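*Asks:* Sequence:
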Amino acid sequence: MFKNFLSEPHEYQLAVKYWRDRCRQILHLNGKQNQWKPWLNTHFLDGTSFFDGNPIYSLISEEKRKGLRIVQEEPTTEEVEISAWMDTYGDSGNGFDDSIKELVIVCALSKESMKVASALIKAWLVEDTTAQEMENLIRRLIPS
2 MFKNFLSEPH EYQLAVKYWR DRCRQILHLN GKQNQWKPWL NTHFLDGTSF
52 FDGNPIYSLI SEEKRKGLRI VQEEPTTEEV EISAWMDTYG DSGNGFDDSI
102 KELVIVCALS KESMKVASAL IKAWLVEDTT AQEMENLIRR LIPS
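Under my numbering, think of the first position of the sequence shown as 2, with each following residue one higher.
These are calculated hints, taken from the structure and not from any lab test.
Just so you know, not all the hints are guaranteed correct.
[What the hints assert, rightly or not] Capping the alpha-carbon separation at 30 Å, the derived lysine-lysine pairs in DSS-like fashion look like this:
hint, residue 1, residue 2
1, 38, 123
2, 4, 65
3, 112, 4
4, 33, 102
Bear in mind the structure is a predicted one, so any value in this text is a computation, not a measurement.
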């Protein structure tokens, strides 16, 4: 899906829309659409998209101090290409904690990788899943 998204601007925009629509669908179906908003900048000052897939889409819940960053890469094999991990964005050493617990998903978009990504996204955005619980889920869904 969108295999040439890094070289074809129209395909890139379709990939962005695909991820945005999938996340919105997950949030809407679970009544959480007002708890999350777009997060990381993906455009230069002149409005031109970075067109690098990192991130292709991101969301933040400031209330929950949780973020989601989706990085899409071009496929390199016929295998399902997906990895995920938990990270911390921001700083907690400045006298107050303004850090965000972040789920990072990196994949070459396919039907199979989207199934895994959707399960991770739902667990992180909709359920009150902790970072440790997410790490366990990642290990279950994406064996090394």
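*Asks:* Against each hint, give a clear statement of whether it holds in the structure.
*Replies:* Results of checking the hints against the structure:
1. For the hint linking residue 38 to residue 123, the alpha-carbon distance of about 15 Å falls within 30 Å, and the restraint holds.
2. Distance restraint check for residue 4 and residue 65: the Cα-Cα separation of roughly 34 Å exceeds the 30 Å cut-off, and the hinted pair is therefore not satisfied.
3. Of the supplied pair hints, the one linking residue 112 and residue 4 holds, its CA atoms being roughly 12 Å apart against a limit of 30 Å.
4. With a C-alpha separation of about 18 Å, the suggested pair residue 33 and residue 102 falls inside the 30 Å cut-off, and the hint holds.
Taken one by one, the earlier hints fail for this structure only at number 2.
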